[in-house]
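Here the protein sequences come in this chain order: U and B. The working numbering applies: residue 11 is where the first sequence begins, and numbers increase by one. The working numbering applies: residue 11 is where the second sequence begins, and numbers increase by one.
Simulated from the structure, these hints should not be mistaken for lab results. These figures come from a predicted structure and were not determined experimentally. Careful: at least some of the hints might be erroneous.
For chains that are exact copies, the list does not tell them apart, and a pair is met inside one copy or across any two.
Stated by the list, open to error - Calculated pairs, DSSO-like style, for lysine-lysine (alpha carbon to alpha carbon, straight line, at most 30 Å):
1. LYS27 with LYS339
2. LYS21 with LYS204
3. LYS21 with LYS122
4. LYS122 with LYS204
5. LYS103 with LYS204
6. LYS37 with LYS122
7. LYS277 with LYS221
8. LYS122 with LYS339
9. LYS21 with LYS151
10. LYS151 with LYS221
11. LYS339 with LYS221
12. LYS122 with LYS27
13. LYS21 with LYS37
14. LYS69 with LYS27
15. LYS103 with LYS151
16. LYS69 with LYS339
2 protein chains.
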Amino acid sequence: MPITLQDVAQKAGVSIKTVSRVVNEEKNVAEETRHQVLQTIQELGYVPHVQAQRLASGKTRSIVLHFPLSDPGLFSNLIGMDFITGVALAAAKEDYYFSLMTGSLTSGGLIKLCRGAQADGLILMQITVQDWRVEFLRENKFPFVMHGRCANNDGLSFIDLDFEHAMMEAYAHLTSLGHQHIGFLTYPEEWRVKGLGPAVHTLQGFRAAVKKFNVTSPYRECQQTVERAYWATRSLLKENPRITAMVTVHNTQAVGAITALQELNRKVPEDCSIVGVLVGNEGELIIPPLTSIEYSSHEIGHQVAEMLIRKIKETSPGPEQILVRPELKLRRSTAPAPR
Amino acid sequence: MPITLQDVAQKAGVSIKTVSRVVNEEKNVAEETRHQVLQTIQELGYVPHVQAQRLASGKTRSIVLHFPLSDPGLFSNLIGMDFITGVALAAAKEDYYFSLMTGSLTSGGLIKLCRGAQADGLILMQITVQDWRVEFLRENKFPFVMHGRCANNDGLSFIDLDFEHAMMEAYAHLTSLGHQHIGFLTYPEEWRVKGLGPAVHTLQGFRAAVKKFNVTSPYRECQQTVERAYWATRSLLKENPRITAMVTVHNTQAVGAITALQELNRKVPEDCSIVGVLVGNEGELIIPPLTSIEYSSHEIGHQVAEMLIRKIKETSPGPEQILVRPELKLRRSTAPAPR
DNA sequence: CTGAAAGCGCTTACAG
DNA sequence: CTGAAAGCGCTTACAG
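Make a model of the complete structure from these sequences and hints.
And the structure:
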């Protein structure tokens with residue numbers, strides 16, 4: 011029932027190779043022949059069989075994004091969605107198929123992906139400082155790019171956020187408003203222990219910022235839930251009543267902090283300012299709208315996919331490494347320090 | 011370089027058909043032979059070539075979800091993410107690959123998808139009352155299921171939300187608290203005009219609820235942004251000062267409404283209650299936490315994928331039609347009517 | 001500019 | 001329980 015190259019060739023009175031040339035827009039086809047074949051394709055409603063193309067050519071024209079959900083709180087869902095659609099749109103633009111893998115990636119799964127010719131390349135997330143997947147893919151010479159970075163990135167392509175810079179921006183903004191005592195809720199301890207980039211780099215940036223701006227800044231490593239952030243904030247304020255500003259790294263943390271502040275009769279931002287670091291664009295869904303150091307997760311997804319496709323096509327000169335600088339977005343949760 | 015069936019067969023001293031049998035766990039292989047082959051596979055690190063399997067068998071073992079982003083506000087991103095991960099996990103569980111298509115689906119795109127053998131089945135979203143895609147797929151006998159439903163669903167498989175029931179629940183809850191004047195922000199006018207399910211069914215449910223509970227309930231069709239909801243709420247309250255409760259159908263609307271109420275010095279929930287209808291589980295990220303009629307978008311994604319796979323395998327007896335009843339989740343944004 | 005042949009790595013259908 | 005043959009629908013490499 012389905013129409014094949016064979017059918018088209020027969021009806022058009024040419025060889026299948028010629029039809030193939032037309033379909034793939036190769037040069038060296040007489041204009042007249044081209045027209046004739048094109049018309050036959052139209053009449054018959056011919057559509058190339060993707061799987062056959064893939065087997066014969068050895069290329070799948072597809073990329074896969076491994077988006078681990080083992081730890082669902084790891085990325086804000088909203089940010090995740092924007093990222094995924096960024097990847098999807100970039101892939102579509104380059105005429106690549108896009109597959110999504112969730113769940114944890116075992117070494118067996120990775121072997122299947124590479125050797126089974128499921129895709130031409132892979133996007134990796136949740137990169138740890140030392141990452142076995144990176145070594146594996148490198149050895150197998152399978153094209154991949156990272157959203158994140160390792161300790162040693164020689165020869166690797168990645169795009170990552172400049173967490174250090176983000177923290178600098180947050181503290182620069184708050185100190186410029188006169189805040190000297192700033193509470194900080196950061197990523198959970200396990201993240202840091204696992205060597206996950208956001209936790210590691212954010213803490214480094216935090217230390218550098220505290221030093222540079224010479225502020226008092228007690229902090230808590232905190233799960234990304236409203237509840238945990240609520241209690242962490244209460245604990246911080248109890249021990250450090252002079253705090254006039256808070257920095258958080260997740261929207262749930264911001265909500266928990268605001269809730270705690272309100273209960274303590276501290277108005278935001280009059281009595282206490284609050285800044286979200288790398289919370290995506292969710293800040294405007296918080297009341298009051300959250301001043302944030304933010305970036306476009308969609309844009310990053312788009313870029314990482316394009317980077318991978320360049321790598322697959324080998325049109326990139328060498329490894330590409332991009333560090334995105336998030337920017338301060340002023341909303342209504344920050345104000346000059348009281349007094 | 012890559013290991014093929016041929017290589018395994020040769021080394022194990024059997025035919026490739028036998029190796030194929032072992033790989034596919036078919037019956038009728040001598041236990042001894044099986045062992046021998048399995049060991050050789052292990053030694054050689056053989057992994058089946060997915061594209062070859064697909065071409066030869068005529069099955070791709072993959073499904074595609076068409077998630078249109080042409081109208082990015084159409085679904086809340088958070089809900090979308092949960093839905094997608096639900097689909098992804100269900101597909102993985104059944105050992106199916108999962109591809110995501112975004113962007114608008116042209117008739118050409120749909121033809122390619124079906125005839126090009128890209129996937130074994132398709133999940134459709136944003137179903138309109140009359141949907142050309144449904145007709146097309148039906149005629150081409152391509153397996154698909156819908157997240158949503160048409161006007162006439164004879165012979166079709168779908169899973170959808172019971173919007174009518176959701177509205178009933180919202181009004182039942184508010185009237186039980188003594189509210190008689192209830193403002194309502196619903197989906198934008200264009201949605202209704204296009205015949206999109208949520209808009210159409212919600213409005214039907216709204217009318218039924220107003221009648222049943224005999225309340226005054228002015229409403230506005232409203233874009234899903236904080237800003238629009240803010241102004242719509244102000245307009246509603248200006249014209250109807252007796253309103254003591256609001257119903258919204260999106261988290262941005264809830265945020266806009268709360269902001270407007272606060273500016274008018276109406277405390278939530280003491281002076282004005284607010285209920286979110288079908289806002290996913292985002293209600294807890296709002297201050298105060300939003301009482302909602304909600305459901306698990308993840309669960310729906312999971313179910314719709316399973317439904318499709320049953321359809322592909324033809325293990326389902328006939329068309330399956332599921333209407334999910336969302337449930338009231340009490341949080342802190344509703345209270346008895348003032349006085 | 002065009003085509004006949006071989007082959008991509010599997011599965012299907014049949015035979016024994 | 002096992003295997004030899006044909007074929008899935010294309011592309012590659014070569015020849016003319």
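Verification of the supplied hints:
1. Neither within a single protomer nor between protomers do LYS27 and LYS339 lie at most 30 Å apart by alpha-carbon distance, with minima of 57 Å and 63 Å respectively.
2. Neither within a single protomer nor between protomers do LYS21 and LYS204 lie at most 30 Å apart by alpha-carbon distance, with minima of 62 Å and 42 Å respectively.
3. In the homo-oligomer, the alpha carbons of LYS21 and LYS122 lie at most 30 Å apart only across protomers (21 Å), although the nearest pairing inside one protomer, at 41 Å, exceeds that limit.
4. In this homomeric assembly, LYS122 and LYS204 come within 30 Å of each other (Cα to Cα) only inside a single copy, at 25 Å, whereas the closest approach across copies is 44 Å.
5. For the identical chains of this complex, LYS103 and LYS204 are inter-copy neighbours only, at 27 Å across copies versus 36 Å inside a copy, given an alpha-carbon limit of 30 Å.
6. With identical chains, the CA atoms of LYS37 and LYS122 are at most 30 Å apart between copies only, with a shortest distance of 24 Å across copies and 36 Å within one.
7. For the homomeric pair LYS277 and LYS221, the shortest alpha-carbon distance inside one copy (28 Å) is at most 30 Å, but the shortest distance between copies (42 Å) is not.
8. Taking identical chains as interchangeable, the C-alpha atoms of LYS122 and LYS339 are never at most 30 Å apart, the minima being 43 Å within one chain and 43 Å between chains.
9. Taking the closest pair of Cα atoms, LYS21 and LYS151 come within 30 Å of each other only across two copies (26 Å); inside a single copy the shortest separation is 44 Å, beyond that limit.
10. Proximity of LYS151 to LYS221 under the C-alpha cut-off of 30 Å is found in neither arrangement, the shortest distances being 43 Å within a copy and 67 Å between copies.
11. In this assembly of identical chains, the alpha carbons of LYS339 and LYS221 lie at most 30 Å apart only when taken from the same copy (24 Å versus 46 Å across copies).
12. In this assembly of identical chains, the alpha carbons of LYS122 and LYS27 lie at most 30 Å apart only when taken from different copies (21 Å versus 33 Å within one copy).
13. Taking the shortest alpha-carbon separations for LYS21 and LYS37, only the intra-copy value of 22 Å comes in at or below 30 Å, while the best inter-copy value is 44 Å.
14. Taking CA atoms no more than 30 Å apart as the test, LYS69 paired with LYS27 passes in both settings, with 19 Å inside one copy and 26 Å between copies.
15. Taking the shortest alpha-carbon separations for LYS103 and LYS151, both the intra-copy value of 25 Å and the inter-copy value of 29 Å come in at or below 30 Å.
16. In this homomeric assembly, LYS69 and LYS339 never come within 30 Å of each other (Cα to Cα): the closest approach is 43 Å inside a single copy and 50 Å across copies.
Checked against the numbered hints given earlier, the structure breaks hints 1, 2, 8, 10 and 16 and satisfies all the rest.
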